[in-house]
Structures are given as C-alpha cells and as structure tokens.
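Work the whole structure out from these sequences, hints included.
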Amino acid sequence: MNPEEQVLDRIERARRRRPKVREERVTLAHGSGGKATRTLVEAIFLEAFRNPLLEPLEDAAALSVDGARLALTTDSFVVSPLFFPGGDIGDLAVNGTVNDLAVSGARPLYLTAGFILEEGFPIADLTRIVDSMRAAAQAAGVSVVTGDTKVVQRGKGDGCYVNTAGVGVIDRPGRLGAATVRPGDAVLVSGPVGAHGITIMLARGELDIEADLVSDTAPLHGLVAALLAAAPGVRVMRDATRGGVATVLNEVAGAAGVAVVVDERAVPVEPEVRGASELLGIDPLYVACEGRMVVFVDGAEADAALAAMRGHPLGERAALIGRVKDDPPGLVLLNTVFGGTRICDLLVGDPLPRIC
Amino acid sequence: MRFVDEFRNAETARALSAKIAALCEPGREYKFMEVCGGHTHTIYKHGLEDYLPENVTLVHGPGCPVCVIPMGRIDDAIHIARRPEVLMTSFGDMMRVPGSGGNFFDSNAEGTSIRMVYSPLDSLKIARQNPDRQVVFMAIGFETTAPSTAMTVLRAAKEGLENFSVFCNHIMIIPAIKAILDSPDLRLDGFIGPGHVSTVIGCRPYEFIARDYGKPLVVAGFEPLDILQSIYMLLLQLREGRAEVENQYARVVPWDGNPTALRAIGEVMELRPYFEWRGLGFISHSALRMRQRYAAFDAELLFETPGVRVADPKACQCGEVLKGVLKPWECKVFGTACTPETPIGTCMVSPEGACAAYYNFGRFTRTRVREASVT
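Chains as they are written, first to last, in UniProt numbering: chain H, 1 to 356; chain E, 1 to 375.
Be aware that a few hints might be false.
Just the calculated beta-carbon pair ranges, DEER-fashion [what the hints assert, rightly or not]:
1. H:46 - E:55: 24 to 30 Å
2. E:28 - H:9: 39 to 45 Å
3. H:212 - E:162: 39 to 45 Å
4. H:17 - E:311: 45 to 51 Å
Each computed DSBU-like pair below joins lysine-lysine, with the alpha-carbon atoms no more than 35 Å apart [claimed, not checked]:
5. E:178 - H:156
6. E:327 - H:20
7. E:314 - E:19
8. H:20 - E:178
9. E:332 - E:314
10. E:125 - H:20
11. E:178 - E:31
12. E:31 - E:332
Covered stretches of chain H, as calculated for chain E (at least 3 residues, CB under 8 Å) [claimed, not checked]:
13. 84-91
14. 112-122
15. 132-140
16. 230-242
17. 336-343
It is worth saying that the hints were derived from the structure and are not from the lab.
Note that CB positions come from ideal geometry on N, CA and C, so glycine has one too.
Below, the structure is given as structure tokens:
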C-alpha cells in the first residue's frame, strides 16, 4: 500500500469503531438524520435496548406473533411551519408512519396518534391538522384506533407536535432488509427527490426565494404493493426522509458491506429543487422527501421493477439510479454529471448553506 | 438548467482534458493552488481531478473564510452570545466551527441564541422584530461578503436601529496570498484565482503576483469547466513562458471590480493593524474592523470579549494544509482523531475546507475509484 492508501485504510478502521457520543448535550445535529443521529441512536438507544428485533435498525420492526408476521413502527413530527405547500403536519404524520410500514413489506392497518399541544394553540389549526390526518388515513386505508393528548405551557412547545405509531401485517413470504443486498443488484428511486425538504425551507420564509413547489408527501403502500407483485426479488426498500436519498444509500451500503455506485445524471430532480439547491449550495441527494422511496432489487428484475413503479401514479418518474458492486465495501460512489467520480458520504448534521 | 448545465458538460470536459494533457511536458510536475475554498469544493464535488494528468497537482489554498477563523474569535463570539440580552446571527457554515469549548450548536445547547441567517440583512429584520434584544451579526468572509455587511450597517444607521451591531471578522485575500508566496517551504507553478472575491476587488490587485513573483494567476469561475479551463490557461502561460493575470470568469468579474461595493466597505470599515489567521499566524493589514464613526454598531466596542489567543491544538496541521505544504491525508490526525463529526482543525469543518472536501468526497485513491466507478 502507498502512504495515501495506508491512511485511508486507517480511516476505514476508525470508522468501524463503535460510535461514541462526545457531546455533553443534545444539539440540533443529533436530529438531522446524518452521522450525529446515527451515533446517538447506536450509542445511547441501541446500547440500552439491544435485542435482535431492534438491531437491524430498519424503518419498522418485523415481529412474529402466533404465526402472524407484523410490522411495528413509530415516528414523531415536529415540522415547522405546520402548514406548507402540498401538505401539513397532519398528513405528514400519517404518511410517514404508513410509509415506514409499507417499505418494510407490510400492509398498514392501524395507527395511533399522540398530540403534544402548546397552550394557546388555535383550535381551528388543530381541527385543520386532524382533518388532514383523517383524509390521509382514509387514502392509506388505515384507521387511527387509539391516541393521547398532552398540553404544555406556552413557550414549551412549538404549537403542535404529533407522534404516530403504526402496525401492519406482512403477508409476503421472505425477508426484506438491507443485509440481503448483494453485488449486481439495481438501485431505483421512485420519483424526483428533495421536493419536501426544499418546500419546507422555502415555506419558512427566511430565504426570499419563491418557487412553484409542493411537498412530495404521499402514502407509498399502493406503489409498494405494485412493485412487490412485479418484482419478488426486491431486497430492501426505504423511504428517503431525513438525510435524503444519500443517507439511505449509505445505510444500505454499510449494513450490506457493499459498494453502491450511483449515476448522478440518472437521479430525477425537479428543476425548482435543483435551482434552490444550487443557490443554497446544498445537494438534493441529502434533502428530505416524504413520499419517495429507494429500492434495491435483484439486477435481473430491475426492468420489471421499474415498469411496475412507472405504472403507478406515484412512481411515474421512477428511475434506475445505480448498481451495487462488491468493492469498496460500505461506500457510496457517485459518477458525477461532469464525468468525475466521488464519494457520497453521510452528512454530519443538516446540510448547512455555504457562505460563498 | 441554463447557466449551470453548459458548465458541467462531460464532453467539453473530455476535450479540454486532452488539451491539458497535450500541454504538459512529460516528466515535469505542475503544482497549482486554487486559492478559494469554493473551488476546492467544486473540484471534489464533481470529481474534477479525474480529468487531470498525474503530473498536475492541485493544492488547496487559504481562501475558506471559515477555515482561517482562529479559535479565540469563536470563543469571543460565544462570550458575547452568552449575555442574556444578545441574540447572535451568523452564516450556516460558522455553526460547526469549534472554539476552545465547543461550537455554536454546543453553545446553543447550553442556552445561547445563535441563529443561522442567509444574509446579514436578515439580522436587521430580526433586530426589528426583537426590540428588547441586542442582535449581533457575526460577520465573516473575504471581500466577497464584506460589502453586504457594510450595506447592512449603512441601512441600520439610516434606520437608526439601536439594537443591532456587527462582530467584524472580515479578512482580505491579498495579504493571505502574499503570506503564502513568502512561505519558504512552498513551490507553486501558478494560482487559480478566487472568483467571487474578484467580483469585488477586480483583477488588478493580483498583478504583483505575476510581476514580482513571476507566477501566473487565472481568476476562475466556480463551475467545474471554469476550473478546468483555468488550468488549461495556466499551463498555456507556462508553455509560452508568460506570467500574467488572466480572467477566465469575465462573465462575472470586471477587471476593475465593483467600485460601489469597495466604496461601501471603505465607508464602514478600515484595516486592522494585524489579525490572526488560523494556521497562518498573525498577518499585518489582513483584516477589517469597523470605523470609529460606526462605533455604535461595533460589537467589539459594545461588549466585552476575552480576546484570548487560543493556540491551535498541537496535533492539528491545518496551517500546513492551508499553505498547501501537506495534502489533507498527510496530516497526522486526518480522518482518525479529526473527522467532520469531531473536527480538530477548521479545514475539516466547512464543506469548503480542504480536509472536509477530501474526507467527504475524495477519500479514495483515484485509481481505485476509476476501477469501481465502471458500471
């Protein structure tokens, strides 16, 4: 090995070390979905609760109860602003949990809903949120069957936080999971990426950028069903929420010990999303989506999977964006539009706009 | 997308790459410094080095304003932010720059309010909305961002805002380039000149580099083809035995800069006798402070700061990296003790920092990447 390779080898070993939280307090980076979140989850939560069901850290846990296979998941929603073009915290809370179940291969059935409300929050806003939850639940074919309400003092919450948990049934034989991904598999994305995250950034009104953009929030269970029917060789699906598509690719590359090689040209991005990202100096691959999923499928079934997704309204612009290779294990490589190649790593925290 | 896609065209890049290879004399090593962190970011983000022959090396320079802020100034900012009446604002990539006791995010976790803004003018809006708070804008950047700080102060003065001030850390590019040229351990063949800085200062201030040091400099834009073309222009100068200042980024950079912006800086700010640069040490006349007549907006006068100089951690070799003496991976702590999650040196913080760019995008030898990237 030459000196540079020795250094890189040392780094890879350092990266495999057990994560440790070095901060004395929680910072916003711990909630961004990137490396800091992973460290917090692995070093604090996984360490405390470790068990075989939790350990794969998939979007939902796959449980067996008296012969039935169930998927269980939970998610909290703290989006600001509460209402944004294309949706609000209510449909986000339903779709988010429905999607975590759907991408785990489960048919979503029942949801719980927990509300943390701030003193002074307008009842009209709460009604609006709950109405969109009802509509989203209806669209996804799930019922909200139990819930909880807490009110905190003014200033101790941000208007309204919502938590949902969901349970679904896994009808399909076989096991999905990042660990089943192998070299030769194809990587697909169900549609243009980054619209939700950019919409939220613009909706906060801090940027003075106006764009005709709406959040991509949508329930994915129908798309998943169509996909699984056409391509039984699906290895794993993930909805690309916090941290975006790049984070999902890294999680899978790490868990499966494979390389993921992505063709930047093939990744669908709306021009408005690209424009805003270019202005802000952030990469749409790291921007959150709420109705998009990344799919790893047996390479031989790539065409069938793509056709099935494109045949569904939510997957019309699905695309084959990359392939799985064996080397370098654990890394995501991006073949850039420009014709170069680079690594596409996990971010530490939220993508921060650059100054110049 | 117009104005972007045409500057990222792979076919044009391949043609340019062939012309670059043809200009290189076999057996000769070429070392060019891209001064600006924005260029470093572009080079890594697009995998530009894949287009360069093995004997052309790019050295990453000191033009990342976040990377050259000394720890003591971060500590001073946090000290100001700890005052209960203060609401501090700063640019996004300042948030993770470590001081001696943590960064702005850590400081916020302990109770300060340091908010991210996209423009200094946003700080004025925040000041108007929070009349009971003192809003302090942590100003950083080269001549690129100094005019917007100056314009913000001018507007605050015009509005008579009494709860807004600036913690001024603006620095200047020419003294930094001069420090690099005077550094004995450096051997460079030319410079890729900073683009955005030059929109303000123009191309004339670089003329001494060609005249007195005999090095060519090409002011370059920020798309990958801009940089590739600048490398071609540098090699052409060397081949023809010239050392001149040339402007590749003429679509944005006027030869004489932006006189209005320069006047705004001159109205509000003046030279500091000296300023500390992380890794480079004290450089005289290399930074700006607020003029006496805008003292009412000068956070350094309004609030006490410890002003303590904090030595860089011993293990950190940011200075050598910033001067281009070391490649990022040659630093002793690169990638092990110093990572984007736990940066020791500032080069690892900003996505424009050479170490962060290399770690995030290039942590792989070029040959191995080429083999792996074939799909």
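So, going through the hints one by one against the coordinates:
no. : hint                      : result
1   : H:46 - E:55: 24 to 30 Å   : violated (48 Å)
2   : E:28 - H:9: 39 to 45 Å    : violated (31 Å)
3   : H:212 - E:162: 39 to 45 Å : holds (40 Å)
4   : H:17 - E:311: 45 to 51 Å  : violated (28 Å)
5   : E:178 - H:156             : violated (53 Å)
6   : E:327 - H:20              : holds (28 Å)
7   : E:314 - E:19              : violated (44 Å)
8   : H:20 - E:178              : violated (42 Å)
9   : E:332 - E:314             : holds (10 Å)
10  : E:125 - H:20              : violated (40 Å)
11  : E:178 - E:31              : holds (17 Å)
12  : E:31 - E:332              : holds (22 Å)
13  : 84-91                     : violated (count 0)
14  : 112-122                   : violated (count 0)
15  : 132-140                   : violated (count 0)
16  : 230-242                   : violated (count 0)
17  : 336-343                   : holds (count 8)
Comparing the model with each earlier hint shows violations of hints 1, 2, 4, 5, 7, 8, 10, 13, 14, 15 and 16; every other hint is respected.
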